[in-house]
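Participant: Chains A and B are the protein sequences, given in the same order.
Residue numbers for the first sequence follow the UniProt record's numbering, so the first one is 1 and each next one is one higher.
Residue numbers for the second sequence follow the UniProt record's numbering, so the first one is 1 and each next one is one higher.
For the record, the hints were derived by calculation from the structure and aren't laboratory data.
Small disclaimer: the values here were computed from a predicted structure and weren't measured.
Glycine included, C-beta positions come from ideal geometry on N, C-alpha and C.
Mixed in with the good hints, there may be bad ones.
[As the list claims (entries may be wrong)] Covered stretches of chain A (in silico footprint by chain B; criterion: 3 or more residues with CB under 8 Å from a CB of chain B, positions within the stretch not fixed): (1) 313-327; (2) 336-343; (3) 357-370.
[What the hints assert, rightly or not] Partial pick of chain A residues on the chain B-facing surface, computed with a CB cut under 8 Å: (4) Val306; (5) Leu346; (6) Ala347; (7) Leu350; (8) Thr390.
[Claimed, not checked] Taking lysine to aspartate or glutamate and the DMTMM-like style, the derived pairs with C-alpha atoms no more than 20 Å apart in a straight line are: (9) Lys214/B / Asp344/A; (10) Lys209/B / Asp328/A; (11) Lys324/A / Glu206/B; (12) Lys209/B / Asp340/A; (13) Lys308/A / Glu123/B; (14) Lys308/A / Glu206/B; (15) Lys209/B / Glu307/A; (16) Lys282/A / Glu260/A; (17) Lys281/A / Glu443/A; (18) Lys214/B / Glu362/A; (19) Lys144/B / Glu250/B; (20) Lys308/A / Glu265/A; (21) Lys440/A / Asp235/A; (22) Lys190/B / Glu362/A; (23) Lys227/A / Glu206/A.
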Amino acid sequence: MSETIMKIDHISKFYPGVTALNNVSFEIKKGEVHALCGENGAGKSTLIKCIMGVEKPDEGKVSMNYNGEWIVNANALEAQSHGVFANYQHVNIALDLSIAENYFLGRQPKTKLGMVDWRKMQEDSQKIIDKFEMNVNPNEKIKTLPIAMQAMVTISKISVNDDIRVVIFDEPTALLENEKVDILFKFIAELKERGVSIIYISHRLEEVMDICDTVTVLKDGTYVDTKPISEVTKDSLIAMMVGREMSDIYNIKHQVPGEEILKIENFTDSKHFKNINFSLKKGEILGFVGLVGAGRSEIMRALCGVEKRLSGDVYVKGKKVNIKNPSDAMKYGISFLTEDRRTDGLALQLPIKTNINMNSYEMISKGGVISLKEENNRAEDYSKRVNVKTPSVMQLVGNLSGGNQQKVVIAKLLCCDPDVLIFDEPTVGVDVGAKEEIYKIMEGLTAQGKSIILISSYLPEVMGLSDRLIVMAQGKITGEFAGEELAGLREEDVLKRASIEG
Amino acid sequence: MNHAKKGKNSSLTSVFQKTEFTLGIIIVVLFIVATVGTDNFCTVYNITNLMKQCAIIGVLAVAQTMIIITGGIDISCGAITGLSCMVLALLQRDTDVNFFLTLIIAVVVSVICGLVNGIIVYEFQVPAMIATLGTQTIIYGTVKIISGALTVSGLDQRLLDMGNTNIGGILPVLAIFWVIVSVIIFLVLKFTIFGRNLYVIGSGVEVAKLCGIKVRGMFYTVYAFAGLLYGIAGIMLAARVQSALPTGGEGYEMNAIAAAVIGGASLTGGRGAVAGTILGTILMTLINNAGVQFGLNTHVLSITSGVLIILAVTMDMLKARKKG
Numbered sequence: 001m002s003e004t005i006m007k008i009d010h011i012s013k014f015y016p017g018v019t020a021l022n023n024v025s026f027e028i029k030k031g032e033v034h035a036l037c038g039e040n041g042a043g044k045s046t047l048i049k050c051i052m053g054v055e056k057p058d059e060g061k062v063s064m065n066y067n068g069e070w071i072v073n074a075n076a077l078e079a080q081s082h083g084v085f086a087n088y089q090h091v092n093i094a095l096d097l098s099i100a101e102n103y104f105l106g107r108q109p110k111t112k113l114g115m116v117d118w119r120k121m122q123e124d125s126q127k128i129i130d131k132f133e134m135n136v137n138p139n140e141k142i143k144t145l146p147i148a149m150q151a152m153v154t155i156s157k158i159s160v161n162d163d164i165r166v167v168i169f170d171e172p173t174a175l176l177e178n179e180k181v182d183i184l185f186k187f188i189a190e191l192k193e194r195g196v197s198i199i200y201i202s203h204r205l206e207e208v209m210d211i212c213d214t215v216t217v218l219k220d221g222t223y224v225d226t227k228p229i230s231e232v233t234k235d236s237l238i239a240m241m242v243g244r245e246m247s248d249i250y251n252i253k254h255q256v257p258g259e260e261i262l263k264i265e266n267f268t269d270s271k272h273f274k275n276i277n278f279s280l281k282k283g284e285i286l287g288f289v290g291l292v293g294a295g296r297s298e299i300m301r302a303l304c305g306v307e308k309r310l311s312g313d314v315y316v317k318g319k320k321v322n323i324k325n326p327s328d329a330m331k332y333g334i335s336f337l338t339e340d341r342r343t344d345g346l347a348l349q350l351p352i353k354t355n356i357n358m359n360s361y362e363m364i365s366k367g368g369v370i371s372l373k374e375e376n377n378r379a380e381d382y383s384k385r386v387n388v389k390t391p392s393v394m395q396l397v398g399n400l401s402g403g404n405q406q407k408v409v410i411a412k413l414l415c416c417d418p419d420v421l422i423f424d425e426p427t428v429g430v431d432v433g434a435k436e437e438i439y440k441i442m443e444g445l446t447a448q449g450k451s452i453i454l455i456s457s458y459l460p461e462v463m464g465l466s467d468r469l470i471v472m473a474q475g476k477i478t479g480e481f482a483g484e485e486l487a488g489l490r491e492e493d494v495l496k497r498a499s500i501e502g
Numbered sequence: 001m002n003h004a005k006k007g008k009n010s011s012l013t014s015v016f017q018k019t020e021f022t023l024g025i026i027i028v029v030l031f032i033v034a035t036v037g038t039d040n041f042c043t044v045y046n047i048t049n050l051m052k053q054c055a056i057i058g059v060l061a062v063a064q065t066m067i068i069i070t071g072g073i074d075i076s077c078g079a080i081t082g083l084s085c086m087v088l089a090l091l092q093r094d095t096d097v098n099f100f101l102t103l104i105i106a107v108v109v110s111v112i113c114g115l116v117n118g119i120i121v122y123e124f125q126v127p128a129m130i131a132t133l134g135t136q137t138i139i140y141g142t143v144k145i146i147s148g149a150l151t152v153s154g155l156d157q158r159l160l161d162m163g164n165t166n167i168g169g170i171l172p173v174l175a176i177f178w179v180i181v182s183v184i185i186f187l188v189l190k191f192t193i194f195g196r197n198l199y200v201i202g203s204g205v206e207v208a209k210l211c212g213i214k215v216r217g218m219f220y221t222v223y224a225f226a227g228l229l230y231g232i233a234g235i236m237l238a239a240r241v242q243s244a245l246p247t248g249g250e251g252y253e254m255n256a257i258a259a260a261v262i263g264g265a266s267l268t269g270g271r272g273a274v275a276g277t278i279l280g281t282i283l284m285t286l287i288n289n290a291g292v293q294f295g296l297n298t299h300v301l302s303i304t305s306g307v308l309i310i311l312a313v314t315m316d317m318l319k320a321r322k323k324g
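Produce the entire structure from the sequences given, and follow the hints as far as they go.
Facilitator: Dropping the structure here:
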């Protein structure tokens with residue numbers, strides 16, 4: 001048995017009205033990959049903050065074995081100087097600086113004169129970029145990069161440090177495409193080889209089963225159990241997390257697709273996609289898979305008039321329509337749940353009530369004057385329909401958990417009574433329980449005769465839910481599967497199609 | 001039963017936590033202290049004067065609130081007010097243009113200035129602070145040029161009367177303008193799609209676009225509408241001062257922004273309300289008015305106002321942090 005590097009020792013953390021952590025204890029061994037599982041709100045993030053020294057536990061302590069001596073890190077700087085690093089859930093890097101500057105933030109190489117040695121910084125950065133197969137210029141500003149690449153920068157940034165002992169990954173794969181996930185796993189394996197301990201947090205239990213050695217489960221701020229990974233299964237893990245058994249959560253009731261409701265012909269834009277044709281039937285769930293950059297989201301953005309396209313026609317119920325902006329799209333019954341709910345799906349500072357209604361004020365107003373009663377009724381009604389957990393519809397959306405925020409977005413779309421719903425990565429950063437609820441909502445929608453386009457980078461989800469699956473690579477459709485063929489499809493086959501060189 | 005009780009309690013605490021409640025208390029206390037502590041504060045003359053002092057800043061502050069809700073700011077509001085006032089005075093002194101037409105022209109000029117602000121902010125993506133700082137400077141220069149940097153008097157008698165009339169001997173006509181404007185904006189913000197969309201835009205322009213909100217039109221409208229209110233404020237200024245000064249309106253922008261911010265409007269956008277702004281206006285004006293009655297020097301009062309602004313925003317930040 002290898003030695004213990006970190007002891008989480010009876011820690012509790014209280015916030016006004018909430019017990020975030022309640023007497024949690026477990027140990028991290030040297031060189032192990034230790035998964036931390038639990039639903040949103042289970043206390044994982046608070047625990048990490050305590051380990052990093054960002055938050056001080058109200059009771060108990062987190063101590064670390066530093067060269068045989070037991071120490072407590074009082075703040076993040078101290079933790080980092082003792083080789084503890086964290087990769088947080090929300091990308092936290094300096095957006096206006098370049099990749100190289102971010103890598104060497106606070107430890108820029110110096111020339112003999114004491115100035116920043118830009119050349120060395122660039123060369124060293126290039127090495128890291130090559131190692132992580134990122135294929136970008138180190139001088140590029142972070143904010144010009146796609147979000148997946150930004151996430152990759154924060155991950156690769158860890159490797160800049162010399163003395164690494166404990167690394168915390170909080171949902172590192174939420175934003176990554178499969179190929180980059182493999183690179184991340186290789187990095188984790190390498191760290192492990194060097195005797196570094198990893199604390200790994202992910203909602204994707206398949207990953208936990210694949211790469212972790214030990215798993216600790218938290219539920220509502222309390223410790224449930226720690227077990228070697230060989231002694232658990234995906235289902236038993238879920239049962240530990242939610243306190244009940246959950247069989248196949250992708251198993252929803254499918255409808256027999258009806259007549260064609262939407263047809264896209266010859267969609268082409270300047271760089272993201274070329275010659276795209278597809279159609280959608282009533283009551284159908286049409287899945288789109290592909291690596292990040294395959295052009296899936298861009299097609300949908302062009303379809304809804306968010307972005308311009310060079311050519312292509314849209315037919316709704318057989319009639320050609322001209323969609324110039326998102327309000328046209330809504331008029332023709334197409335609603336869009338965008339990939340990044342925090343920046344373009346929700347008004348975080350505003351209450352649930354406004355968020356649910358903001359797409360559809362015209363439906364409850366006369367001459368521009370809103371019926372406040374209707375506004376309130378609709379907010380109550382739709383938030384109940386999608387089961388938003390909140391004491392009041394006046395609650396600010398920014399205070400809700402990821403899953404509940406996503407449900408608010410869905411309620412917003414439903415308010416317009418659309419025929420077609422486009423869901424772009426609907427379950428990113430959403431816990432297992434809320435995921436299942438979102439799938440149930442999708443099931444209910446198709447039963448009402450609505451059609452869904454589902455974009456997801458998470459293969460089990462998109463393969464499990466779709467009636468028909470379109471695979472894209474580099475802006476082109478490279479495969480389409482339905483029926484028996486889809487049922488027998490393996491993830492490897494899909495990945496092969498998704499990585500065809502254009 | 002139990003549930004209902006809980007609900008009532010929580011709505012009661014939310015009233016106490018509101019910025020408006022705190023401001024109201026401070027205003028009442030200040031009013032009582034000034035009434036007891038000085039001989040001349042609670043007189044008809046001074047109260048009338050106090051309302052007149054509030055009126056112009058009050059109109060500007062309400063206009064400013066709308067812009068701040070969208071995440072913007074308008075530094076040019078004092079300048080446009082001064083321009084409206086000067087255009088009005090010059091037309092009335094030097095031309096035979098019909099009285100009502102002079103009012104309309106002054107307002108139209110202000111609307112155009114506001115629209116230009118909106119275009120610069122939206123089309124060229126210039127930060128509102130910088131865009132309106134630019135137009136402010138341009139307009140101040142223009143006012144000096146068209147007036148020859150001299151005070152213009154010789155206003156129409158009807159305008160002079162309007163500035164001097166107090167209904168019932170106590171309620172100035174100027175204050176009625178302020179009340180009407182405030183009520184209209186209150187209704188717009190609370191009941192109309194336009195008002196609701198301002199909050200959505202302030203919360204995120206991308207979100208607003210994806211909601212099908214015509215963001216360009218909204219920007220144009222809100223800045224032009226603010227311009228319209230500045231135009232009205234310019235007319236009020238002419239009536240109050242009984243002439244047009246080449247420095248008219250200078251510094252008003254800071255008082256207007258301060259009143260909105262003290263009233264709870266957030267410069268990051270998405271938050272602000274007319275009731276708070278009205279109270280903010282009253283508090284700012286009251287401090288100065290009562291301070292003078294107490295014989296405090298204006299420079300000391302200037303420091304007091306500054307401290308108040310910082311305190312108001314700090315408390316707001318602390319509250320937000322506690323919630324988050």
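Participant: Each hint should be assessed against the structure and marked as holding or not.
Facilitator: These are the hints, each one checked on the structure:
1. 313-327: holds (count 3)
2. 336-343: holds (count 3)
3. 357-370: It holds, with 9 qualifying residues against the three required.
4. Val306: holds, 6 Å
5. Leu346: Since chain B brings a Cβ to about 6 Å from Leu346/A, closer than 8 Å, the hint holds.
6. Ala347: holds, 3 Å
7. Leu350: holds, 5 Å
8. Thr390: With a closest approach of 13 Å, the Thr390/A hint is violated.
9. Lys214/B / Asp344/A: holds, 15 Å
10. Lys209/B / Asp328/A: Holds, at roughly 12 Å.
11. Lys324/A / Glu206/B: Distance of about 16 Å is within 20 Å: holds.
12. Lys209/B / Asp340/A: The hint holds at about 14 Å.
13. Lys308/A / Glu123/B: holds, 18 Å
14. Lys308/A / Glu206/B: Distance ~15 Å between Lys308/A and Glu206/B Cα, so the pair holds.
15. Lys209/B / Glu307/A: OK: Lys209/B and Glu307/A at ~11 Å, within 20 Å.
16. Lys282/A / Glu260/A: Holds. Lys282/A to Glu260/A sits at ~6 Å (cutoff 20 Å).
17. Lys281/A / Glu443/A: holds, 15 Å
18. Lys214/B / Glu362/A: Since the Cα atoms of Lys214/B and Glu362/A sit roughly 13 Å apart, the hinted pair holds (cutoff 20 Å).
19. Lys144/B / Glu250/B: Roughly 12 Å separates the two Cα atoms, so the pair holds.
20. Lys308/A / Glu265/A: Holds: Lys308/A and Glu265/A sit about 15 Å apart, inside 20 Å.
21. Lys440/A / Asp235/A: holds, 19 Å
22. Lys190/B / Glu362/A: Holds, at roughly 15 Å.
23. Lys227/A / Glu206/A: holds, 16 Å
The structure shown violates just one earlier hint, number 8.
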